[in-house]
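*Asks:* Residue-level listing of the chains:
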Amino acid sequence: MRFALMTEPQQGLSYEQILAIVRAAEESGFEAFFRSDHYASFPGAAGRPTTDAWATLAGLARETQRIGLGTLVSPVTFRIPGAFAKFATTVDEMSGGRLEVGLGAGWNLLEHEQHGIPFPGLRERFHLLEETLAIVHGLWTEPDGWGYEGGTYEVKGARLVPRPVARPGRRHPNLIMGGEGKPRSLALAARYADEYNLVSARPEAARALRSRLEDACRQAGRDPAEITRSAMTGVLVAETEGELRDRVREQIDFLGSDEADADAWLEDRAAAG
Amino acid sequence: MGTPEQAMERVAEFEAAGVQRLMLQDLLPLDLDMVRLLARTFAA
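In order, the protein sequences belong to chains A and B.
As numbered in this note's numbering, residues 1 to 273 make up the first sequence, in order.
As numbered in this note's numbering, residues 274 to 317 make up the second sequence, in order.
Please keep in mind that the hints were generated in silico from the structure rather than gathered at the bench.
Some hints could be false.
Chain A stretches covered by chain B per the calculated footprint, using a threshold of three residues with CB under 8 Å from any CB of chain B [as the list claims (entries may be wrong)]:
1. 2–14
2. 222–235
3. 238–249
Here a beta-carbon is modelled for each residue, glycine too, at the ideal position from N, C-alpha and C.
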């Protein structure tokens with residue numbers, strides 16, 4: 001099993017705070033650090049400061065040495081595909097080939113409304129996701145001159161220079177699709193992704209995903225072993241029961257939860273598995 | 274959630290379900306002691 005640290009900097013974290021976290025993660029041995037890509041603050045109090053994921057990743061690329069860096073996940077509604085491929089490739093170069101790229105359809109209406117970003121319906125967002133995956137993957141892997149016509153975006157005579165950092169076993173940044181394992185999402189992953197990340201995961205859901213992803217790969221003519229199966233799960237650990245309760249209280253405060261009792265919170269979570 | 278030993282039991286369930294990589298979602302990221310404990314528990 002491999003492990004990465006995942007954070008939600010839209011909880012009000014500044015770049016300096018994110019840097020301190022990444023440095024602690026790097027120094028203590030994590031293989032990778034992921035951050036969310038949101039412009040509205042949640043969970044907890046609304047209106048906290050937020051940062052742009054890709055601007056911070058560019059800085060982190062230059063201020064760390066070893067740890068992998070990426071988003072889980074970037075909504076395709078935020079950025080047009082060709083520009084996204086270009087600056088992801090640039091951050092990959094800046095990091096010496098440590099970048100991982102998570103892409104998703106986007107879901108948070110509020111952050112789009114607050115920033116004047118179009119937020120089409122789910123069907124169209126999935127179409128944008130498909131086109132973004134096709135273009136980013138194509139620009140990374142197809143020869144110069146490649147073309148694509150997707151209905152919304154068209155690529156003619158493609159030329160992406162430089163290409164992503166390549167080394168044995170790596171042709172481009174690890175391309176991660178996040179989701180809940182629904183059929184359309186899995187079909188896209190089978191065509192384009194290197195990894196499928198199940199969000200808010202429980203073991204039983206992960207078990208069910210495995211067979212569905214294998215089916216999607218077979219239908220796409222792809223070896224399921226080529227796609228890493230990952231899961232995102234919340235963590236809260238402490239070395240003693242007393243420290244655990246302290247951290248639960250901190251988390252309750254931070255999340256702005258109505259639940260004031262750490263013991264009740266722990267019991268509820270234990271009951272929920 | 275729990276002690277490192279309890280958390281590793283949960284990890285074993287994910288592993289048995291075929292998960293190859295876990296993204297540990299940390300909602301107390303400014304608690305760097307917990308980041309280090311997570312690394313000692315999982316990533317060492």
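*Asks:* Taking the hints in turn, state whether each one holds.
*Replies:* Each hint, compared with the structure:
1. 2–14: holds (count 10)
2. 222–235: Coverage by chain B holds for the stretch 222–235 of chain A (8 residues, Cβ < 8 Å).
3. 238–249: Our answer is that it holds, as 6 residues pass the Cβ test (under 8 Å) against chain B, meeting three.
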